[in-house]
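Student: So the chains spell out like this:
Number of protein chains: 2
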Amino acid sequence: MEQYFVKETIGQNKFVIDDIESYKHIVKVLRHKVGDVVYLVDDTESLFVATIEEIDNDNSNLTVTVKKDNRATTELPIGVTIACSLSKKDKVEWITQKATELGAKKIIFFNSKYSIMHWKHNVVEKKLIRLQEIAKNAAQQSKRRIIPEVVYLDKLTELVDMKEETNLIAYEESAKQGEISLLAQTLQKEPRSIMCTFGPEGGFAPDEVDFLNQQGFLSVGLGPRIMRAETAPMYFLSVLSYKYELTVK
Amino acid sequence: MEQYFVKETIGQNKFVIDDIESYKHIVKVLRHKVGDVVYLVDDTESLFVATIEEIDNDNSNLTVTVKKDNRATTELPIGVTIACSLSKKDKVEWITQKATELGAKKIIFFNSKYSIMHWKHNVVEKKLIRLQEIAKNAAQQSKRRIIPEVVYLDKLTELVDMKEETNLIAYEESAKQGEISLLAQTLQKEPRSIMCTFGPEGGFAPDEVDFLNQQGFLSVGLGPRIMRAETAPMYFLSVLSYKYELTVK
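The listed protein sequences derive, respectively, from chains A and B. Residue 223 in the numbering used here sits at position 78 of the first sequence, with consecutive numbering throughout. Residue 232 in the numbering used here sits at position 87 of the second sequence, with consecutive numbering throughout.
In short, the hints are calculated from the structure, not lab data. Among the hints, a few may not be true.
The list treats identical chains as interchangeable, and a pair is accepted whether it falls inside one copy or across any two copies.
[Claimed, not checked] With a straight-line cut-off of 25 Å between C-alpha atoms, the simulated DMTMM-like cross-links for lysine to aspartate or glutamate are:
(1) Lys394 to Glu324
(2) Lys169 to Glu318
(3) Lys308 to Glu353
(4) Lys321 to Asp355
(5) Lys213 to Asp235
(6) Lys321 to Asp188
(7) Lys388 to Glu220
(8) Lys169 to Glu390
(9) Lys388 to Glu294
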């Protein structure tokens, strides 16, 4: 059963879905009829089972009766931000989709020295709208309770304003030197929020790493194999899920 | 510094690289000269630093002097097979590349009831050659010591012949029912080899799950979010790396 986000707070009994994208998807794409059921998630992250009562094609909306569903949240118990150096369009889109499926709360793209792509100022807004749409669709598909926020930073130094309780750099040089403990040590401390920063294919410039280290970002290794720029964030998010959502009973 | 696989066992001092793809990449693409250095991995999984001595363009080969490099292996300490239901061409290729980066030893694609793609018998060989090439390139890029083997099975039942010491199914229904312990419990036992099976977008048919369960495959949940068919194997491989390659000192 598919899920839709609504911007409002859902109250008692009845609700009108007037978001045009959701209307189109429910009525035109999936051809749902009166009596069919979908999930809705409202702005309080609550989940509802919604039964279609009336479809108003003239005004492109539909009325549903709602019943709160109290199943456990699908959100990670820790707020996770991934910050990735800009790469090609398809990789940026891919990272957004996969990071959403894997539970990221915020997805930052930033310019770094060895980034192979740069966004001109006049395209940033359009690109973010597109990425935010990808995040929304992936969040609906993976049954998230929130849509991750996608953010663009023109300079790596601006990452400092985005800091979370714990801040990391996935650093290939650390991995090469056999650093295998810091990620696990960090996760043992169970921070409430964490950010991990990932360089471009060519890696971070040494002075970028120095800067982030000075700002309290800890360089951690993610195992002995060299991962592509888009693979490392997926590794990180998967590990967080394993560490905080799966457990030996 | 880039790495190439050679099919032979590298002995003392000198070695001739006569693999045409490697020759082309080293001489034509990267335009290496005499005196330049590359890594070679031979059929015993040993790593060598190779210095180019002579480039023979007439015979498309190059002679190198080799020195063994004794750094630790980049292979997972557990043999991991992922078995994925067939999906679209780009996803199959993508899974092969990413699973290689993340350390899989064997990558199986199989037909299942709800697979949206099927391979005709006459295309299987060509497709496997292409996927094996992708695996080789990804293995070189991620500095693996082996090239994962890519295998195709026409029937899900043939998975039984591929069994490892421990065998799992990543099962959405288990996750939905709140199963959060079996993967962690299984990994605690430190099997020497493990296979995990992943269904198509539409999921496994109930009788497919029953069959695999009867054959000793354990259904495990991979967290509360619904992952796409290609994302779940990446989650699994990342978790294995974290569990067996990273550690709290």
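Student: Against each hint, give a clear statement of whether it holds in the structure.
Tutor: Taking the hints in turn, this is what the structure says about them:
1. Lys394 to Glu324: Close across copies (10 Å), not inside one copy (30 Å); limit 25 Å.
2. Lys169 to Glu318: Classified as neither; 49 Å inside a copy, 29 Å across copies.
3. Lys308 to Glu353: within (16 Å within a copy, 46 Å between copies)
4. Lys321 to Asp355: For Lys321 and Asp355, only the intra-copy Cα distance (17 Å) is at most 25 Å; the inter-copy one is 44 Å.
5. Lys213 to Asp235: Classified as neither; 37 Å inside a copy, 39 Å across copies.
6. Lys321 to Asp188: between (44 Å within a copy, 23 Å between copies)
7. Lys388 to Glu220: Close inside one copy (14 Å) and across copies (22 Å); limit 25 Å.
8. Lys169 to Glu390: neither (35 Å within a copy, 47 Å between copies)
9. Lys388 to Glu294: Answer is within: at 23 Å inside a copy they meet the 25 Å cutoff, but 30 Å across does not.
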